[in-house]
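Chemist: All chains, please: the whole structure from these sequences, using the hints.
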Amino acid sequence: MFDLEAKKKAKETALLVGIQGPETTAADAEELLTELADLVDTLGLDVVGRQVVKLREFQSRYLIGQGKAEELAARMDEEEIDCLIFDDTLSPSQQRNWEELTKRCAIDRQEVILEIFAEHATTREAVLQVGLARMEYSLPRLKRAWTHLSRQRGGAKGTRGKGETQLESDRRMVLTKIDRLKGELVDVQKARQTRRKRREKVPVPVAAIVGYTNAGKSSLLNRLTQADVLVEDKLFATLDATTRRIRLENQPLLLSDTVGFVRKLPHGLIEAFKSTLEEAVLADFLIHVLDVTSEHVATHEKTTLEVLEELGAHEKPMITVFNKIDRLQDPDKLILLRASHPGAIYLSAKSGEGLDLLRREMSARLRGALLQLSLRIPAERYDLVSQLHRQATVLSEEHHGAGIDLVVLLAPKLVAPFEAFLRVDPDETRHDAA
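So for the sequence shown, this note's numbering puts the first residue at 8; every next one is plus one.
If you are wondering where the hints come from, they were derived from the structure by calculation, not from laboratory data.
There's no promise every hint is true.
Each pair of labels, with its calculated beta carbon distance range [what the hints assert, rightly or not]: (1) 306 / 87: 28 to 38 Å; (2) 190 / 107: 33 to 43 Å; (3) 77 / 289: 46 to 56 Å; (4) 201 / 87: 46 to 56 Å.
Under the rule of at most 30 Å between Cα atoms (straight-line distance), these lysine-lysine pairs were calculated in the DSSO-like manner [what the hints assert, rightly or not]: (5) 323 / 184; (6) 271 / 357; (7) 323 / 420; (8) 204 / 271; (9) 204 / 110; (10) 18 / 110; (11) 271 / 340; (12) 357 / 323; (13) 110 / 75.
Quick reminder that beta carbons are idealized off the backbone N, C-alpha and C, glycines included.
Modeler: Structure, rendered in structure tokens:
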């Protein structure tokens, strides 16, 4: 893996390389390279050059042709560039070939993302997931001398079997670590499931904030909940699921932030971060946040929807939110977006503009999933009346000799304690948000 400690000691420079294949336009290739530059900047490297290479088909030795490879190597030598970073995935042998040719590091987008995740993971589960993903990524790349794992092992004398090579020893060590990480993850995931089941015993509707990385999801969560969640103008500033409780029209709602999506996110990382993306799968509805100022907002929307489909969450009810409206300089863009997304909310999480519209839409979505119940609670069970005031929207309340008659809006998951006091079948009175 990339040497983060060395990178921190001195600002290293990077040359970025994108590929324009037969089915890729020049604009698409440049767009992806711009995103890679943002990723590399988040990692802390200084991008000093970028180049798009046209290809009819990938080449086995360097991914690109020999002549272009030698040209890039000469440029790195002449400009003393520290690292070559490809937007497309390099095979282990291609990485070795590039490092032999340039005498410098060569990595790809996948490794950049892994290192960013490693820097930003905070919970034990996220740290373990990143560690596992990095080990599985490095396993077929053990021949790369610059990341030789023996440097990290310390004393390991007497651990090798007779005739075992250094590479075999390193491979055995990595496999052992992978098994250990998987075992620790099983324990952590069991604990998470226990916590989730505990939470479900007092069930509350859940909304998950999803969207492309750096769209402003954490800022929106802060605005809606008055919480103090980390907000940075960096890609992948949020890796761990953050959940806060709010109330809308006296209805409780759990609101969860999730890791941002990005194009070419390694599938292994989607699996690795199911713990945070799971919030989207289990949510009652989604809030899809998009950066209205981005030149690539349409692509970002498409990518997020594709990842949601991969997770099985694409059919969830969804509120589309265009954030950063206060920074939009092009009024024509807003006109086009309103035409193509007539039901979307346009707001600024920073200034608060449009936030009331979002709250109203969230309330409507919440009401649409609620049941309208007519209840008669005996006077001696006033504890249930207090519970309803905490968990439901009370539409009417009438006290009389037989007890208390109430009409309430309540989430289906919360009905059980009140079923004995129903005056009307709840299935016949589902509330229509319209």
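Chemist: Take a quick look at whether residue 357 and residue 323 sit within 30 Å of each other, Cα to Cα.
Modeler: holds (27 Å)
Chemist: Would the hint linking residue 204 and residue 271 be met if the CA-CA limit is 30 Å?
Modeler: Answer violated: residue 204 to residue 271 is near 33 Å, above 30 Å.
Chemist: Quickly compare the C-alpha distance for residue 323 and residue 420 to 30 Å and report which way the hint goes.
Modeler: holds (17 Å)
Chemist: Need the status of pair residue 271, residue 340: alpha-carbon distance at most 30 Å?
Modeler: Between residue 271 and residue 340 the Cα gap is close to 27 Å, so the pair holds against 30 Å.
Chemist: Does residue 75 sit within 30 Å of residue 110, going by the straight-line distance between their CA atoms?
Modeler: Status holds; Cα separation ~17 Å.
Chemist: Taking 46 to 56 Å as the stated bounds, is the beta-carbon spacing between residue 77 and residue 289 within them?
Modeler: The hinted range 46 to 56 Å holds for residue 77 and residue 289, with Cβ atoms some 52 Å apart.
Chemist: Has the hinted range 33 to 43 Å been met by the Cβ atoms of residue 190 and residue 107?
Modeler: holds (37 Å)
Chemist: So if I understand the rule, the pair passes when the alpha-carbon distance is 30 Å or less; does residue 204 with residue 110 pass?
Modeler: violated (53 Å)
Chemist: Given the hinted pair residue 323 and residue 184, is their alpha-carbon gap at most 30 Å?
Modeler: Violated, at about 38 Å.
Chemist: Taking 46 to 56 Å as the stated bounds, is the beta-carbon spacing between residue 201 and residue 87 within them?
Modeler: holds (54 Å)
Chemist: Holds or violated: the 28 to 38 Å window for the beta-carbon distance between residue 306 and residue 87?
Modeler: holds (34 Å)
Chemist: Are residue 18 and residue 110 close enough, with their CA atoms no more than 30 Å apart?
Modeler: Cα-Cα ~18 Å, so holds.
Checked against the numbered hints above, the structure breaks hints 5, 8 and 9 and satisfies the rest.
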